[in-house]
Structure formats: structure tokens, C-alpha cells
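**Q** In terms of the working numbering, the sequence shown is residues 860 to 954.
Some clues are possibly wrong.
To be verified - Each pair of labels, with its calculated beta carbon distance range:
| # | residue 1 | residue 2 | range |
| --- | --- | --- | --- |
| 1 | Ala-915 | Gln-862 | 18 to 24 Å |
| 2 | Ala-888 | Leu-933 | 18 to 24 Å |
| 3 | Glu-869 | Val-911 | 30 to 36 Å |
| 4 | Tyr-897 | Lys-931 | 17 to 23 Å |
| 5 | Thr-921 | Ser-867 | 27 to 33 Å |
| 6 | Pro-881 | Pro-944 | 27 to 33 Å |
| 7 | Leu-870 | Val-911 | 28 to 34 Å |
| 8 | Leu-870 | Gly-909 | 26 to 32 Å |
| 9 | Gly-868 | Pro-923 | 16 to 22 Å |
Keep in mind the hints are simulated off the structure, nothing from the lab.
No experiment lies behind these values; they were computed from the predicted model shown.
For each residue, glycine too, the CB sits at the ideal point set by N, CA and C.
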Amino acid sequence: MGQRYLASGELVSMRLWENEQPGEPKPEAAREYETVGYVLAGRAELHLEGEVVELATGDSWTVPRGATHTYKILEPFTAVEATSPPAEVGDRDEP
860 MGQRYLASGE LVSMRLWENE QPGEPKPEAA REYETVGYVL AGRAELHLEG
910 EVVELATGDS WTVPRGATHT YKILEPFTAV EATSPPAEVG DRDEP
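Assemble the whole structure, with the sequences as input and the hints as a guide.
**A** Structure representation (C-alpha cells):
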């Protein structure tokens, strides 16, 4: 459960979010990197700039750099996510 870094370069990093459990929405954030992801299993809601995007197995998403967003896991969730530039936000994003 949790995140695991898969690869990291100078311009992009990739990680696996594995078996994240349902719960309260994560705090709203705006990051200094762009994120793209692909859902391997489960369901979640992505709240992005006032819109709600439902994510399920086989769906993908993009969060532009600086976009205000949050998400809520609806059922056990596994996804691959890439960030550019590589994400490093405190303890949460250290490879």
C-alpha cells in the first residue's frame, strides 16, 4: 500500500500508487509540476479546477502545473503516475 518510485530522470519521474484505500478527500493542492496518470484498478474522483472527473480502471488523467486539485479514493485504487519535472514535495514525494 502507498507509493513506490519506478523511475526518475532529469525531466520526468514515474511512480506506482498501489492499493490506496478509500477515505476522506486529500487536501486541495496546486503543484509546480504537471501530472499524468493511468488507473490500473479501482475508482476515484479527481476534483480539478472546480470540475469532478470520475476515474476507473483503464482511465487516464492530466493535472496541469499549478492547477488546484484534490482527489478522493472510492474503492481500492492502483495507478501509475508521471510528473514533469520530477515531483519532490517533502516526505511525500522523495524518491
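**Q** If a hint holds in the structure, say so; if it does not, say that too.
**A** Tested hints:
no.	hint	verdict
1	Ala-915 <-> Gln-862: 18 to 24 Å	20 Å, holds
2	Ala-888 <-> Leu-933: 18 to 24 Å	19 Å, holds
3	Glu-869 <-> Val-911: 30 to 36 Å	34 Å, holds
4	Tyr-897 <-> Lys-931: 17 to 23 Å	18 Å, holds
5	Thr-921 <-> Ser-867: 27 to 33 Å	20 Å, violated
6	Pro-881 <-> Pro-944: 27 to 33 Å	30 Å, holds
7	Leu-870 <-> Val-911: 28 to 34 Å	30 Å, holds
8	Leu-870 <-> Gly-909: 26 to 32 Å	29 Å, holds
9	Gly-868 <-> Pro-923: 16 to 22 Å	20 Å, holds
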